[in-house]
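Once you have looked at the hints, place chain G on chain C.
Residue numbers (the working numbering), protein chains in the order written: chain C, 105 to 441; chain G, 105 to 441.
Check before you lean on any hint, since a few could be wrong.
Far from chain C, some chain G residues (derived; all Cβ distances over 10 Å) [unchecked claim]:
no.: 1; residue: I149
no.: 2; residue: K194
no.: 3; residue: N308
Simulated DEER-style distance windows between Cβ atoms [claimed, not checked]:
no.: 4; chain 1: C; residue 1: R369; chain 2: G; residue 2: P143; range: 52 to 62 Å
no.: 5; chain 1: G; residue 1: R369; chain 2: C; residue 2: S217; range: 54 to 64 Å
no.: 6; chain 1: C; residue 1: E353; chain 2: G; residue 2: R352; range: 17 to 27 Å
no.: 7; chain 1: G; residue 1: N422; chain 2: C; residue 2: K276; range: 52 to 62 Å
no.: 8; chain 1: G; residue 1: F406; chain 2: C; residue 2: K276; range: 40 to 50 Å
no.: 9; chain 1: G; residue 1: V360; chain 2: C; residue 2: R221; range: 50 to 60 Å
no.: 10; chain 1: G; residue 1: E286; chain 2: C; residue 2: K276; range: 37 to 47 Å
In short, the hints are calculated from the structure, not lab data.
Keep in mind it's a predicted model, so treat the numbers as computed, not measured.
Cβ atoms here follow ideal geometry from the backbone N, Cα and C, with glycine treated the same way.
Number of protein chains: 2
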Amino acid sequence: MRIVVDAMGSDKRPLPDVEGAILAAREYGVAIILVGDKPRIRQAINQHDTAGLTIETRHAPEEIVMSDKPSHVMKSKPQSSMHIGMMMVKNGEADAFVTMGNTGAVHAIATLSTLRRIAGVKRPALTAIYPVRGQETIFLDVGANADSRADWLEQFAIMGSVYAERALGRHKPRVATLSNGEEEGKGNQLVREVQERLHALTLNYIGHIEPKEILEPRADVIVMDGFVGNIFIKTFEAAIVYLGDVIREEIRANPVSTVGGVLSRGAFRRVRSRIDTRGVGGAPLLGVNGVVIKGHGSSDSFAVKNAIHQAIRAVQGNTVEEIRRGLEQLKTDPQGA
Amino acid sequence: MRIVVDAMGSDKRPLPDVEGAILAAREYGVAIILVGDKPRIRQAINQHDTAGLTIETRHAPEEIVMSDKPSHVMKSKPQSSMHIGMMMVKNGEADAFVTMGNTGAVHAIATLSTLRRIAGVKRPALTAIYPVRGQETIFLDVGANADSRADWLEQFAIMGSVYAERALGRHKPRVATLSNGEEEGKGNQLVREVQERLHALTLNYIGHIEPKEILEPRADVIVMDGFVGNIFIKTFEAAIVYLGDVIREEIRANPVSTVGGVLSRGAFRRVRSRIDTRGVGGAPLLGVNGVVIKGHGSSDSFAVKNAIHQAIRAVQGNTVEEIRRGLEQLKTDPQGA
Numbered sequence: 105m106r107i108v109v110d111a112m113g114s115d116k117r118p119l120p121d122v123e124g125a126i127l128a129a130r131e132y133g134v135a136i137i138l139v140g141d142k143p144r145i146r147q148a149i150n151q152h153d154t155a156g157l158t159i160e161t162r163h164a165p166e167e168i169v170m171s172d173k174p175s176h177v178m179k180s181k182p183q184s185s186m187h188i189g190m191m192m193v194k195n196g197e198a199d200a201f202v203t204m205g206n207t208g209a210v211h212a213i214a215t216l217s218t219l220r221r222i223a224g225v226k227r228p229a230l231t232a233i234y235p236v237r238g239q240e241t242i243f244l245d246v247g248a249n250a251d252s253r254a255d256w257l258e259q260f261a262i263m264g265s266v267y268a269e270r271a272l273g274r275h276k277p278r279v280a281t282l283s284n285g286e287e288e289g290k291g292n293q294l295v296r297e298v299q300e301r302l303h304a305l306t307l308n309y310i311g312h313i314e315p316k317e318i319l320e321p322r323a324d325v326i327v328m329d330g331f332v333g334n335i336f337i338k339t340f341e342a343a344i345v346y347l348g349d350v351i352r353e354e355i356r357a358n359p360v361s362t363v364g365g366v367l368s369r370g371a372f373r374r375v376r377s378r379i380d381t382r383g384v385g386g387a388p389l390l391g392v393n394g395v396v397i398k399g400h401g402s403s404d405s406f407a408v409k410n411a412i413h414q415a416i417r418a419v420q421g422n423t424v425e426e427i428r429r430g431l432e433q434l435k436t437d438p439q440g441a
Numbered sequence: 105m106r107i108v109v110d111a112m113g114s115d116k117r118p119l120p121d122v123e124g125a126i127l128a129a130r131e132y133g134v135a136i137i138l139v140g141d142k143p144r145i146r147q148a149i150n151q152h153d154t155a156g157l158t159i160e161t162r163h164a165p166e167e168i169v170m171s172d173k174p175s176h177v178m179k180s181k182p183q184s185s186m187h188i189g190m191m192m193v194k195n196g197e198a199d200a201f202v203t204m205g206n207t208g209a210v211h212a213i214a215t216l217s218t219l220r221r222i223a224g225v226k227r228p229a230l231t232a233i234y235p236v237r238g239q240e241t242i243f244l245d246v247g248a249n250a251d252s253r254a255d256w257l258e259q260f261a262i263m264g265s266v267y268a269e270r271a272l273g274r275h276k277p278r279v280a281t282l283s284n285g286e287e288e289g290k291g292n293q294l295v296r297e298v299q300e301r302l303h304a305l306t307l308n309y310i311g312h313i314e315p316k317e318i319l320e321p322r323a324d325v326i327v328m329d330g331f332v333g334n335i336f337i338k339t340f341e342a343a344i345v346y347l348g349d350v351i352r353e354e355i356r357a358n359p360v361s362t363v364g365g366v367l368s369r370g371a372f373r374r375v376r377s378r379i380d381t382r383g384v385g386g387a388p389l390l391g392v393n394g395v396v397i398k399g400h401g402s403s404d405s406f407a408v409k410n411a412i413h414q415a416i417r418a419v420q421g422n423t424v425e426e427i428r429r430g431l432e433q434l435k436t437d438p439q440g441a
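Chain C extracted, bound-state conformation (with noise of 0.2 Å):
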């Protein structure tokens, strides 16, 4: 298998990228292509022993940053690490391409101007994946279609089982919708039009469910628009953090507590490691002609190997053709016209 790796998409880059795609190359046996700006490639991997690994790079003259418009770099930057990474994907070249970049860029040059959608899918979406109890959920759309339409939910809800179940493992995968209720009837006006739709096919659909939920967790796959989504992804992430600032200042504001941290110490650093999302990575774009994984920009070398590790199962459950395939049932359903 060979997995292009994007050298210039970390904040720190290319230093996490190149050193995660190292140790992915030795510890799962992939090869893998760096593509970015050659000299500073080359620069990081000499600091590493590479012997025995299929390490390749390529060069791509342009680099995007966190503030370019994704709409911009499409025209502006066609040389950039992201373009020229997944024109090998398209090209048959590489079997997935990984990346820590900006999101909207990635978004934008997939499904605009190399990859493009899977035939019959109509929006892509951002995915984010994290473990919940030890269990990887998948939830999407996380930002891509801030304004959606209950049939592309529908789609959502599809793309999110089959990877849940031919990347992530998960027999039958438990399909939910996030909404302010459980109730038949809760909800807005999209929710409860998506029920109705899911209620239709041949998932493993369980109706509503309510953040708390989540966190049983009751679902393997969580469907919502991108708007909510990315809402509900950093109000998660705010709220992890908050409450993690208040116990260290209370924990530092008295001698007693100070020693109690010290002597709490490898809890708290069990405790990050269980609601840490490294340990995932990267999470798929859905619904593009190829395997395409974006992980955080602040990522380091741990992350980075295992948003690779996720392009590797990705591309092991033959994800885009099943998808391709998972689609095909709304074909004959008159309302996915």
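Relative to the frame of chain C, chain G by itself:
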């Protein structure tokens, strides 16, 4: 000042409701009218020393439970404590109504069969008030209207701003719209339209805000549609509970960290009190012709007492009349028609 308190509101009614009312009468010197099942209220009162306090009772033969459908209780239970209590406010027999009961029923009875909307108000909004780094922040709408219009949210912004100024004592409250990004142009169609409207008003409107910025805190009033708002507060609460559970499990998983946890007990107590919503106790239903404060069903007497304090502040701030006046600026605005 006379406050009607629903004795049949909390999950453990009437004990926390009655005890909280007695605490409030003692601490704030207000007259209390407890409405509900008179024999049970009397029994609860008799457990306390109420010498020198003005505590009256009013019998309500019907009881609303959490499972009651809001649309149903209005017609089927016209003699409920909520109905009678709110009618007392309407008739001028009391200055405010406080309840820990069924949210949907509070909203329906206030809006449709007792107090009704302030003239010109399109939709009342449910609010939540949270302590954020020691400062009260008001969120609305948190669930009254799952499908909202921009002109409703425009009114929510004004109502929230008036309340923050008059009841929470905030000078020129900073009003923000919750969105998936700060930049102009971010957001879904609804919040973009709301943003345009709010820029045109005489509000201290600071634009879009992301969840993490709420916690800095950058704003005093956070405006959102009822579907997003309900998911926002539930996600925040769920994340806090989740992290608390994980920390507890990991501290208990090992003898050294268990000792550390014991030594940090004071710190954790301070953390709990800092994030404790019982200190606020309740938040208003805004847009109806009277002060209605709704607290959580799980409230204890401390929370009930604080909800009554919230009612006192709302009455002292003349919030209902000030909201009426605040909304007048929309009348000269052709968009507000």
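Of all the hints numbered above, which does this structure not satisfy? Sort the numbers upward. none
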